[in-house]
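Trainee: Per the numbering used here, the sequence shown runs over residues 197 to 350.
Hints are computed from structural coordinates only; laboratory data are not their basis.
Hints are supplied without guarantee of correctness; some may be wrong.
Computed Cβ-Cβ distance ranges for the label pairs, DEER-style [as the list claims (entries may be wrong)]:
(1) Leu233 <-> Ala279: 12 to 22 Å
(2) Ser323 <-> Asn236: 40 to 50 Å
(3) Ile202 <-> Gly237: 29 to 39 Å
(4) Arg211 <-> Asp320: 36 to 46 Å
(5) Glu221 <-> Ile199: 32 to 42 Å
We put the beta carbon where it would ideally sit given N, CA and C, even for glycine.
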Amino acid sequence: MAILGIGTDIADVPRFAEHIERVPELLDRLLTPAEQLKRNGKRRTDASLAARFSAKEALKKAIGFPGWLPWQSAEVVPARSGAPSFRLRGLVLEHFHAIGGTNIHLSITHDAHLTMTFVIAEGDGPSLSPGIEGAAEHFTHSMYGKGARLGEVP
197 MAILGIGTDI ADVPRFAEHI ERVPELLDRL LTPAEQLKRN GKRRTDASLA ARFSAKEALK
257 KAIGFPGWLP WQSAEVVPAR SGAPSFRLRG LVLEHFHAIG GTNIHLSITH DAHLTMTFVI
317 AEGDGPSLSP GIEGAAEHFT HSMYGKGARL GEVP
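Take these sequences, add in the hints, and give me the full structure.
Mentor: See below:
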């Protein structure tokens, strides 16, 4: 198994809340009902809502989803451990399988006015990163002089 892609996103909580206040139906387009509510049925905090949206943005980057992401097809849910996880369906799930995806890791944090999410997509497919041709040669030339091999220290 290899890392197919990584994605990260930062959300400004007050800005997200302002958008939702201005266009309330936006919340229903971005987040599923389960993502909007706590287990006790009360609405999640603005930070929690912004973090869930941010997670979807990071997922889009990690799996290289082309174009507009169908937001309802990627749902942030708790894993058995309680840690945040994704439930994919529809076009997002199809794309994930098409790239050889088998696992997704999600990390969410928020503090005061910002949320940050980080996603790692793993699988058996090729990396979504184009890589850097000749990177190893550049690294060895710049650090150890021309002719050194990777792993060799003159």
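Trainee: Each hint needs a verdict: does it hold in this structure or not?
Mentor: Hint-by-hint comparison with the structure:
Taken as a hint, the range 12 to 22 Å holds for the pair Leu233 and Ala279, whose Cβ atoms sit roughly 19 Å apart. In this structure the supplied range 40 to 50 Å holds for Ser323 paired with Asn236, their Cβ-Cβ distance being about 42 Å. At roughly 35 Å, the beta carbons of Ile202 and Gly237 sit within the given window of 29 to 39 Å. In this structure the supplied range 36 to 46 Å holds for Arg211 paired with Asp320, their Cβ-Cβ distance being about 38 Å.
Take Glu221 and Ile199: their Cβ atoms lie about 37 Å apart, and the range 32 to 42 Å holds.
Consistency with the previously given hints is maintained throughout, with no hint failing.
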